[in-house]
Amino acid sequence: MKITGKVIRYGDNVDTDVIIPARYLNTSNPKELAAHCMEDLDPTFVKRVKAGDIMVGGVNFGCGSSREHAPIVIKESGIACVVAKSFARIFYRNAINIGLPIVEFSGEIDEGDKLEIDFDNGVIRNLSKNTQGKFPPFPGFLQKIISKGGLFPAMEELK
Amino acid sequence: MQMTMSQKILAAHAGRKSVSPGELVMANLDLVLGNDITAPVAINEYRKAGASCVFDCKKIALVMDHFTPNKDIKAAEQTKKVREFAAEKKIENFFDVGTVGIEHALLPERGLVVAGDLVIGADSHTCTYGALGAFSTGVGSTDMAVGMAHGKGWFKVPRAMKFNLHGSLPKWVSGKDVILHIIGKIGVDGALYKSMEFSGPGVSSLSMDDRLCICNMAIEAGAKNGIFPVDEKTRKYMSEHSKKTPVEFSADPDADYDEVMDIDLSSLRSTVAFPHLPSNTRTFDNMPVVPIDQVVIGSCTNGRLSDLQVAARILKGRKVNPKVRTIIFPATQKIYLDALRQGLLEIFVEAGAAVSTPTCGPCLGGHMGILAKGERAVATTNRNFVGRMGHPESEVYLASPEVAAASAITGVITDPATL
Chain H
8 MKITGKVIRY GDNVDTDVII PARYLNTSNP KELAAHCMED LDPTFVKRVK
58 AGDIMVGGVN FGCGSSREHA PIVIKESGIA CVVAKSFARI FYRNAINIGL
108 PIVEFSGEID EGDKLEIDFD NGVIRNLSKN TQGKFPPFPG FLQKIISKGG
158 LFPAMEELK
Chain R
62 MQMTMSQKIL AAHAGRKSVS PGELVMANLD LVLGNDITAP VAINEYRKAG
112 ASCVFDCKKI ALVMDHFTPN KDIKAAEQTK KVREFAAEKK IENFFDVGTV
162 GIEHALLPER GLVVAGDLVI GADSHTCTYG ALGAFSTGVG STDMAVGMAH
212 GKGWFKVPRA MKFNLHGSLP KWVSGKDVIL HIIGKIGVDG ALYKSMEFSG
262 PGVSSLSMDD RLCICNMAIE AGAKNGIFPV DEKTRKYMSE HSKKTPVEFS
312 ADPDADYDEV MDIDLSSLRS TVAFPHLPSN TRTFDNMPVV PIDQVVIGSC
362 TNGRLSDLQV AARILKGRKV NPKVRTIIFP ATQKIYLDAL RQGLLEIFVE
412 AGAAVSTPTC GPCLGGHMGI LAKGERAVAT TNRNFVGRMG HPESEVYLAS
462 PEVAAASAIT GVITDPATL
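Chains H and R supply the protein sequences, listed in that same order.
Under my numbering, the first residue of the first sequence is numbered 8, with each subsequent residue one higher.
Under my numbering, the first residue of the second sequence is numbered 62, with each subsequent residue one higher.
Since the hints were made in silico from the structure, they are not lab data.
Mixed in with the good hints, there may be bad ones.
[Unchecked claim] With beta-carbon atoms standing in for the labels, derived distance ranges:
hint, chain 1, residue 1, chain 2, residue 2, range
1, H, N36, R, K305, 33 to 39 Å
2, R, C118, H, R55, 35 to 41 Å
3, R, H227, H, K121, 52 to 58 Å
4, H, E111, R, P231, 49 to 55 Å
[What the hints assert, rightly or not] Calculated pairs, DSSO-like style, for lysine-lysine (alpha carbon to alpha carbon, straight line, at most 30 Å):
hint, chain 1, residue 1, chain 2, residue 2
5, R, K132, R, K384
6, R, K150, H, K54
7, H, K155, R, K384
8, H, K82, H, K57
9, R, K232, H, K166
10, R, K69, H, K151
11, R, K150, H, K92
12, R, K135, H, K166
13, R, K305, H, K155
14, H, K166, R, K132
15, R, K132, H, K155
16, R, K305, H, K151
17, H, K92, H, K136
[As the list claims (entries may be wrong)] Calculated Cβ distances over 10 Å to all of chain R for the following chain H residues:
hint, residue
18, N33
19, P144
20, P146
Values in this document were obtained by computation on a predicted structure and should not be read as measured data.
Note that beta-carbon positions come from the ideal geometry of N, C-alpha and C, so glycine has one too.
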């Protein structure tokens, strides 16, 4: 799989409370929730995000609550992939379990850059800066979850 | 292969003699937990996957604690969905208004978790039960749904950090100060993906409530779990609360730790985490004057009986500052009743504080104590991220019940030792 998209960039420790504030968690409807994605950090996000954009963060992306609503609203907003220097562990497994592509990568990326991510070969190309870097592929176990489209369908093989 | 305590519990539940850090394993679960925010998403997934029977109706706990008593119509619809699911699947441990308590205070109190258990919960503070010598960790709703259907979960075997505790805590210093001190030292991702294993001669001086509070906030250092060794206090607690049979695990003497940190408990001081990260800690030798608008004493971190007792000791015969809205949340119905019988609730009301039914409420900015723009709260809760207790421009200062009660009286963040 290969995707190309424009970067929306945030800093370190983007927490799940700013990704989707708890005051909106009285529903589990993804569309309703997505109307508030990133609201407390970047009220402009919902207006400017376009399908296929790539969200970029620093270290410890998705820290805080276990709410799966966080990767759900990012996916529902049209974000094709989240790239961060590191992910908080619950966000990491939630993203895999619901099929939101994520990549751990530390290279230099700026707001508005155009990225091409080649998942099969673990290569990320910054088309705006004309640079590229590698990222480690997921272990086979996790690739199975991703290729089956989530944890539930993969369980027949994994359990 | 020398293993940590956490690795041993994982290995035992994966049917393996040993496991290595980094390895991905599928393991059998002793308990699967969800609440009124995360369970509805899990139930959606469960239904979508067409799963029928749950793996074990005794090993699932559904706790309606976050937005209850229902804060609005949508919240009421969410709990209704879970209530119906619980009835349909004959889930024994469904807790609704009247029996409900904050999940991480409730489950140990009800004896649903004991040493050696492997527990997942769709709530990040599920790591609390490590205080009992269990491996417990927060996951998402899909993990919860799969756990309810199959009784299994996937785990990356964690590396570990060891915290070697010595001495005992000074007066007015408690478990909250220990964990805030540690997070202040190692940062909010200092233990990312790792176990935080507590050990050393200082462990025996810590109460079970202190240990539950310390493990509760392991996630705020990014950890997968926090865990204490089992000792006489743990055994006594379990025999008083549970009919389950505990299994005691201990770390091998040569187990591999990425880092060993020595902590002299007697040197610790009251510690406050300033906005907007739990790692942004200060002690009172380096504290500006911070006027406050609200105090919250409660939550899965500090809503236990000993927390209320120490707050009452400080508030007894005093009045809270008229500018400080002080709200006290006993974490469970049993704690509420004990506090009532011990005269603590009377002390709180006479001091001018409000006492609430158990709920997570303000901790996550849900209801029952939301902050307006520019307002500041001292809270015994666990997170002080932007907008956590209300308006994105409000501020939360995390502290012990000792500091919170003292601050309620003076109206500024206050060292309880100076009252």
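We went through each hint and held it up to the structure:
Taken as a hint, the range 33 to 39 Å holds for the pair N36(H) and K305(R), whose Cβ atoms sit roughly 38 Å apart. C118(R) and R55(H) have their C-beta atoms about 47 Å apart, which leaves the hinted 35 to 41 Å range violated. Range check, H227(R) to K121(H): about 55 Å between beta-carbon atoms, so the 52 to 58 Å window is met. For the hinted restraint 49 to 55 Å between E111(H) and P231(R), the CB-CB distance of approximately 42 Å leaves it violated.
Of the supplied pair hints, the one linking K132(R) and K384(R) holds, its CA atoms being roughly 26 Å apart against a limit of 30 Å. The suggested pairing of K150(R) with K54(H) is violated, with an alpha-carbon distance near 42 Å, which exceeds 30 Å. A hinted pair counts as satisfied when its Cα atoms are at most 30 Å apart, and K155(H) with K384(R) does not qualify at roughly 56 Å. For the hint pairing K82(H) with K57(H), the CA-to-CA distance comes to about 11 Å; that is within 30 Å, so the pair holds.
For the suggested pair K232(R) and K166(H), the alpha carbons sit about 50 Å apart, so the restraint of at most 30 Å is broken. For the hint pairing K69(R) with K151(H), the CA-to-CA distance comes to about 26 Å; that is within 30 Å, so the pair holds. For the hint linking K150(R) to K92(H), the alpha-carbon distance of about 42 Å lies beyond 30 Å, and the restraint is violated. The suggested pairing of K135(R) with K166(H) is violated, with an alpha-carbon distance near 36 Å, which exceeds 30 Å.
About 37 Å separates the Cα atoms of K305(R) and K155(H), which puts this hinted pair outside 30 Å; it is violated. A hinted pair counts as satisfied when its Cα atoms are at most 30 Å apart, and K166(H) with K132(R) does not qualify at roughly 39 Å. For the hint pairing K132(R) with K155(H), the CA-to-CA distance comes to about 38 Å; that exceeds 30 Å, so the pair is violated. Of the pairs offered as hints, the one joining K305(R) and K151(H) is violated, with about 36 Å between alpha carbons and a cut-off of 30 Å exceeded.
A hinted pair counts as satisfied when its Cα atoms are at most 30 Å apart, and K92(H) with K136(H) qualifies at roughly 18 Å. At the 10 Å boundary, the C-beta of N33(H) falls inside the reach of chain R, the nearest C-beta of that chain being 4 Å off. At roughly 14 Å from the closest C-beta of chain R, the C-beta of P144(H) stays outside 10 Å, upholding its exclusion from the interface. P146(H), annotated as away from the interface, has a beta carbon of chain R within 10 Å; the closest lies near 6 Å.
The structure does not agree with the numbered hints 2, 4, 6, 7, 9, 11, 12, 13, 14, 15, 16, 18 and 20 stated previously, though it agrees with the rest.
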